[in-house]
Amino acid sequence: MNRIAEKIRNGKVLVSDGAWGTFLQQKGLGPGECPEIWNLNRAEDVLAIAKSYIEAGSDMIETNSFGGNYFKLSSYNLQGKVTEINRAAAQISRKAAGADHHVLGSIGPTGKLIMMGDVTYEELYEAFTVQAAALMEGGADALIVETMSDLEEAKAAVHACLDHTTCEVICTMTFEKSGEDSYHTMMGVTPALMTEEITGAGAHIIGANCGNGIRDMIGIVKEIRRVNSTIPVLIHANAGIPVYKAGKTIFPENPEQMAEYITVLADAGANVIGGCCGTTPEHIRRIAEIIRNQ
Amino acid sequence: MNNDDLLTRILTCVELGKVNRNTPFPPDMKGMDGADELTRLALERGIKPSEILNDALIKAMDKVGQKFADKKIFVPQMLISARAMNASMVHLKPYFQTGEVKRKGKLIIGTVAGDLHDIGKNLVAMIVEGAGWEVIDLGVDVSAQKYIHTIQEHRDAVVGLSALLTTTMHNMRTIVADIKNSFPAVTLMIGGAPVTEQFRAEIGADGYASDPQGAVAYLNSLIHEV
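Taken in sequence, the protein lines are chains A and B.
Just so we're aligned: 219 in my numbering is position 219 of the first sequence, and the numbers increase by one with no gaps anywhere.
Just so we're aligned: 506 in my numbering is position 212 of the second sequence, and the numbers increase by one with no gaps anywhere.
Calculated directly from the structure, the hints in this document are not laboratory data.
Watch out, some of these pointers could steer you wrong.
Simulated crosslink set (BS3-like; lysine-lysine; CA at most 30 Å straight-line) [unchecked claim]:
#, chain 1, residue 1, chain 2, residue 2
1, A, Lys245, B, Lys474
2, B, Lys474, A, Lys248
3, B, Lys440, B, Lys396
4, A, Lys248, B, Lys440
5, A, Lys27, A, Lys112
6, B, Lys387, B, Lys353
7, B, Lys400, B, Lys353
8, A, Lys112, B, Lys387
9, B, Lys387, B, Lys440
10, B, Lys400, B, Lys365
11, A, Lys95, A, Lys81
12, A, Lys7, A, Lys222
13, A, Lys112, A, Lys177
14, A, Lys177, B, Lys357
15, B, Lys361, A, Lys112
16, B, Lys361, A, Lys177
17, B, Lys353, A, Lys177
18, A, Lys112, B, Lys400
19, B, Lys365, A, Lys177
20, A, Lys95, A, Lys7
21, A, Lys112, B, Lys324
22, B, Lys366, A, Lys177
23, B, Lys366, A, Lys112
A few chain A residues facing chain B, derived, Cβ under 8 Å [stated by the list, open to error]:
#, residue
24, Gln25
25, Pro31
26, Gly32
27, Ser75
28, Gly111
29, Leu113
30, Met115
31, Met116
32, Ser178
33, Gly179
34, His184
35, Met186
36, Met187
37, Pro242
38, Tyr244
39, Thr249
The C-beta atom is built at its ideal place from N, Cα and C for all residues, glycine as well.
Take these sequences, add in the hints, and give me the full structure.
Encoded structure:
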């Protein structure tokens, strides 16, 4: 199987998967429950999610390992199971993906801030190394460092993945609109700065995930493209900003509303498009239809 | 440097995150005294601790909170300001304890049960403390029981609940109900990324703020009402 970046260089726009967290909640994940432990004790449910995205037309599937680092798992007293949990996560997604779809091992932030003295760069690097190695061992062919807001933490993860695996390395950060046509992560990183620093760290694919819906992603991709016209760009957009309605939190953009922006996003320079919070296999099915009809 | 200049200098140090002489930024203040040394100097000169609090620290953190709300600065700048504020506040703590300096009130704050995210809650705690309030931080994954237990010991406190996730924000509903059941008169405020004013109204909390500065504005409005 060619690498993702290779396929992109050959002119393809690829489809990625949709939400995991909100999907797990639908299947009964309670607030306060560790999502990653499902890889061990609810593996069939996790597999069903992975399969549903492959069936919807996604070229790649993530793993249920977003919070599978030492620090997050420690909150659930599961720090001794980092390798076991991440390996299982990748095995499940590989089972759904077969040999002809990509498995992206998900690596999320630790929730610790270097600048607060919570943790050192070396400790982060070590934690990401263990997670990345287990994801590759379980069958991931790519690793996606995602939802990052701090450059140092993102770089620690990217370097850990590059140094300790042979996987393709993707890194996406989460931006909010901070003004007319300007975007920043919570830690103040712009898409342009991310592009320079994360490409410089050696990531093969960069991009943005989560945030405030697909419309903002167009501006973010344009900013990335202003500073780098060649690096492959992956976008995982939320189904809008969550709204509170009749006792429930819902993500308001339905597949049709999201679909309106897919062509514009690809034209702006996005090479891989998928969803984040609130997106469903239906969203991905629509995205795949549009991309394949182009 | 006269006393007013000294207070202005402390304000600038806190605003820009100059903790002490060793703090390398901002570059044009390199090697100069920071919030730590200047606060000590101010007290030695006989400037009242309450003046240091009101005319330097609170004003500085107000500026910082406003810039953050306007998205002119981001979390790192806010954290370094908070660090400088703490360096100054250390020298004022004895006067809080003797009652010579009075704070505006007390806030009990925590991230609600099931939610382990603390960055947003910590930012609110810092800015509220910098606004002259005493903050009792219960940490993350805080149950109704723990809030209630703490309110029993601090009956005059306002209570703040934080949640980052769209799932855990729903735990606020039961926690708010439980607290109101035990203490109908206590003022409850809520916040966090997915939380809205509409949600506040629905679950019967008293206040909502979308950023730390908003939380301070709400808290201060409670005093002015009295």
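* **In rising order, the numbers of the hints this structure does not comply with** => none
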